[in-house]
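Novice: Letter by letter, the chains look like this.
4 protein chains.
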Amino acid sequence: MKRKVAILGATGLVGQRLVQLLQSHPWFKVEVLAASERSAGKKYHAACNWILESEMPTDVGEMKLVNSDVRSVEKAGDVDIVFSSLPADAAGQIEEEFAKKFPVFSKASAHRLEEDVPLIIPEVNPDHLRLIPFQKKRRRWQGFISTDPNCSTIQLGITLKPLMPFNLKRVIVSSMQALSGAGYPGVASVDMVDNVLPYIPNEEEKIEVETLKILGDFKGSKVHPLNAIVSASCNRVSVKDGHMECVFVECEANPSVEEVRGAFEHFRGKPQELKLPSAPKNPILVRDEPNRPQPRFDRDAGKGMSVVVGRIRHDRALGIKYICLGHNTIRGAAGAALLSAELATQKGYV
Amino acid sequence: MKRKVAILGATGLVGQRLVQLLQSHPWFKVEVLAASERSAGKKYHAACNWILESEMPTDVGEMKLVNSDVRSVEKAGDVDIVFSSLPADAAGQIEEEFAKKFPVFSKASAHRLEEDVPLIIPEVNPDHLRLIPFQKKRRRWQGFISTDPNCSTIQLGITLKPLMPFNLKRVIVSSMQALSGAGYPGVASVDMVDNVLPYIPNEEEKIEVETLKILGDFKGSKVHPLNAIVSASCNRVSVKDGHMECVFVECEANPSVEEVRGAFEHFRGKPQELKLPSAPKNPILVRDEPNRPQPRFDRDAGKGMSVVVGRIRHDRALGIKYICLGHNTIRGAAGAALLSAELATQKGYV
Amino acid sequence: MKRKVAILGATGLVGQRLVQLLQSHPWFKVEVLAASERSAGKKYHAACNWILESEMPTDVGEMKLVNSDVRSVEKAGDVDIVFSSLPADAAGQIEEEFAKKFPVFSKASAHRLEEDVPLIIPEVNPDHLRLIPFQKKRRRWQGFISTDPNCSTIQLGITLKPLMPFNLKRVIVSSMQALSGAGYPGVASVDMVDNVLPYIPNEEEKIEVETLKILGDFKGSKVHPLNAIVSASCNRVSVKDGHMECVFVECEANPSVEEVRGAFEHFRGKPQELKLPSAPKNPILVRDEPNRPQPRFDRDAGKGMSVVVGRIRHDRALGIKYICLGHNTIRGAAGAALLSAELATQKGYV
Amino acid sequence: MKRKVAILGATGLVGQRLVQLLQSHPWFKVEVLAASERSAGKKYHAACNWILESEMPTDVGEMKLVNSDVRSVEKAGDVDIVFSSLPADAAGQIEEEFAKKFPVFSKASAHRLEEDVPLIIPEVNPDHLRLIPFQKKRRRWQGFISTDPNCSTIQLGITLKPLMPFNLKRVIVSSMQALSGAGYPGVASVDMVDNVLPYIPNEEEKIEVETLKILGDFKGSKVHPLNAIVSASCNRVSVKDGHMECVFVECEANPSVEEVRGAFEHFRGKPQELKLPSAPKNPILVRDEPNRPQPRFDRDAGKGMSVVVGRIRHDRALGIKYICLGHNTIRGAAGAALLSAELATQKGYV
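Protein chains in written order, with the numbering used here: chain A, 1 to 350; chain B, 1 to 350; chain C, 1 to 350; chain D, 1 to 350.
No lab work stands behind these hints, which were simulated from the structure alone.
Any given hint could turn out to be false.
No copy is singled out in the list; a pair is fine if it fits within one copy or between any two copies.
[To be verified] No farther apart than 25 Å at their CA atoms in a straight line, the calculated lysine to any residue pairs in the SDA-like style are these: (1) K43 / T345; (2) K169 / E250; (3) K169 / N227; (4) K101 / G41.
Bound conformation, chain A alone:
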């Protein structure tokens, strides 16, 4: 018996990826698709500008969209889990309404930094799910909200976790982010031709703050952010999928390139241990060619769930530098939400 899933924001880019990834999921099935009022009542295929290369699943295409409120969703089906990929401003209140009754796994930024809300990368901080009982109790909810970090934070966080034993002090990251990260329609094509945009609103702040919460310690009933520094400079480039990040890292233990390479290569987390359905075999794949990773070649590694790392080398300034690449709408969004829900399910929170 599969658990029944509702997707809020089903017509957006992340919603589409969720539909795609849930198509033959062993544990979950799509039960309700919700979107804005404008789309409610229409069939999914009619309301959704599907932009993925694989075809829209025909049965899902025939489903009727409902409005993103609790009553409409409840009326449309018997739901066990709610995935939210609502826009940040809408997400705040709507997700709280749903969390009164349902486990909500959210890609939206609205609740990420609230003290009792887990901000989860399943390979990195699975124990932060232990915030859930405190959250439910404090808010008197039957359900809860669990959030996924920003796309560019997730891939960075996955590569920083194996460096934690070397005592992480400072991280500088400069990103070249894909167009799909801006949602749909996102950036105008006329702005991207022969161009780079050196600014993505709020993105640097998200990386700088979220990373420290994710790498923080769960103690008592709280997460204590990591005592370290992260600084980011974020750019948009003309690539469809796959965020690239140039990372410079300072660790107190000053590890060698070989030690860092080994830490990346052997890194495994709970999802691998528990063999969760969406878990890639390797959370991190190391490439030794001088010119990898590259978005077009590496974004689909591990079905889009592996982060690909390359060019690990000595850094004169901070000690170590490397490049990492992650598929921003799979590992950075829809796949992240799925993996979080799988972990929470396996751990008994759902």
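Given the structure of chain A, go ahead and fit chains B, C and D onto it with the hints provided.
Specialist: Frame of chain A, contents of chains B, C and D only:
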């Protein structure tokens, strides 16, 4: 009476820019165009795959290319100055032959790091030209070699110079470099579609080492490199012209954003003081919009000779971060060579 | 004394080009900028996402936008001429209101095919302006509406006019159109990466019908469309500016390639004869290289007002084939409107 | 027992696709990889700049390349079939040498138009393989040469075949071709940014002539080309894979849009009938959305072996127009060679 110029490597991308910029130069005129043996004997318009948007000057198009050796060049005209944009491997020996008789201004990397060879950014280290008499004496040459830094180094160096009073300690730079920086044909188009290349051979080393020589002190008969650290991570993106750099800087004096902004804005160098023909009014232009500089909009600032800086902001990790953009084949190559030659001419070295 | 101009739709792509081209116009000056209610009251620089490479003229940037209705415009200034680059659906009624009092030169498609409305390419059918008195009389307007064709039609029409003496029978055109033709924000960047869109809504119909009206005869009080066939297949490609068209033409007189080349090269129209300020020296520029025209190299020919033709060759199927390229927001839009207004002014209609 | 295959030109783009497609082929296995002298002796992974998204098969990567001559290939293995993707100029003589002993399936243009050489699209003209015995006899060869058409011809030919019953008279085609069609490195990236190239050397002639041979009748010992007219205008656009063609067709029987749509949809050929391993279920897939096919979405249809057709509509000029898209390095090259070899094998020619 204009000085007569020979261009070695005249058919390449930098050679073409030199031809374009010399078209109505008040001090210099094109006298001899030299290229590889394959092209020698052909008319310039027939041998050169002109890729600039402005039309090839018709008179230059009719000039006959000669081989890049001293005898052929001397036979073809009465030359005062030699510009070299030869490939690095060819440049080493050929430039030395020419330097026995001529002042050689070189864009090639071959001689940049030799102790008695100036590596010049006219606004930054004009006094390094004082290496020339020592070089001539030591090598027993009538002429000399003066070099321009790598394109991505030049724009970085220009922005670091005004920060020198704050006592520069560490610089981290991550670049997104234009296709024209790879010469012609350079990168295959099939490699760049929907992609970013995180590697440019030797580029990071050049930035890391050249910058310190440029910012160094001329004392006695030598340049003493700056005692600081520069670290780079270089990427190729699908932009025609204009290198973008995300720069993170640590200064001992820990200047405020306003102090840094002021230092950039008020920076002027010898070329501005001397009103050299190719000098832009402002070596650095500061943009205050959140999303500038952008290659397509800002690369032509100051006729391609100004470096455009934006997003100057506090950096948690090192103190200050900003974005800079320079036109890689003008300020980063042909214009750099011209400005160096103008400075050397004005200073009496030519 | 310059005539005072109001621009309706001033913040859009075509509006921006109009502002740019009017910056130092000898006959016209910007007096009023009008836009949608959302922008009215704001300064131009605050409301307009300026996407041209040249800087926004500072004085225009300080002008306050007014709403696009007659009363607001009249209150804002003493206007002689109205340029409209409103969206097609809004244009219908608003332009009629303005035409009751003002000469309106419109880029919108709303009125193009009305029997008493001139659809003008100044080099092609200047005599169609003679519809104006009939229009004014019939509609009892003090002003009038004169329209410019669709961007892809204009460049085609200019190249077909010199072929009229050969008795044009059939034209097949396949276009590769630039992103700026879709306005702003236009096409989503994520849709264009590594892609071509083989469809532009209504574009083919516009080319097929408008061309025949333009090439038609003004007789009595009417324009009789040309008795010929035009068929189009329109595509969007990832180019910023400059529409490319592959044209196949059948003429009864079956001209040779040389005759066609000569007809293109020697073609001049009223704007050239009258030396109108925006008239290019050559309406058509012929390139003989095998691989021209190309958008990046040729779109700015004649300050964006020349159509560049290349690859004129024998066609097995229809007789003649060639490629033509025009700058879609200059010759195809803002420049077209200006040139029409200049012609009408010179002819005494304004 | 699988037949053993040698690939001439194994390191090129088409060679790479062949390696990829042969990886788990039920009838054929890679036995020998041959390349130019420069690469001979190196391991495949060391000599080949692999540009496909899927990883190079590790066993093939370890194979040693041999020179592209008969003796070297024979020495390296016991070969049953030779695939040639040599450059046109090299192919002429080398293929003839191989054909003395082996069945050669060639993607090169060298022999395509020779009277006794089949030019095969398996779904279109399988009976042209009957030229083989005449070729062998006439040339006194044990083996033979069978050729595949140019990539842009194949997809056009497949869509024209089902229109043959309507009595094809005239075809006009305008193409937008992918970068991979130019081989590697092919077009320089700096030439393609913000640009379209309206010229591909020899491409138009290939489409115009090859199409008629393919659609011709085999009678007696000869192929009689179709008595019709094909005219092409070929362009290069910034797309990685997938050629788009705008096709205008005149048929004597003047079929309706519905008849044409039906003919496309129901078209099947010998490969489908014989269930050849590389045969797609549908040689032609019809899309009814107004904006399809698009390269990024449709090029992989039928594992890259289906041609996708859309926008079938009435044409004022010739009767019918439509868009077709094919994967140029699969259906247009490596997959074409494979399917031809499968057909020839099944028919007993190998």
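Novice: Work down the list of hints and note, for each, if the structure agrees.
Specialist: Cross-check of the supplied hints:
In this homomeric assembly, K43 and T345 never come within 25 Å of each other (Cα to Cα): the closest approach is 30 Å inside a single copy and 48 Å across copies. With identical chains, the CA atoms of K169 and E250 are at most 25 Å apart both within one copy (5 Å) and between copies (16 Å). Taking CA atoms no more than 25 Å apart as the test, K169 paired with N227 passes in both settings, with 8 Å inside one copy and 24 Å between copies. For the identical chains of this complex, K101 and G41 are intra-copy neighbours only, at 24 Å inside a copy versus 46 Å across copies, given an alpha-carbon limit of 25 Å.
Going down the numbered hints, you'll see the structure goes against just number 1.
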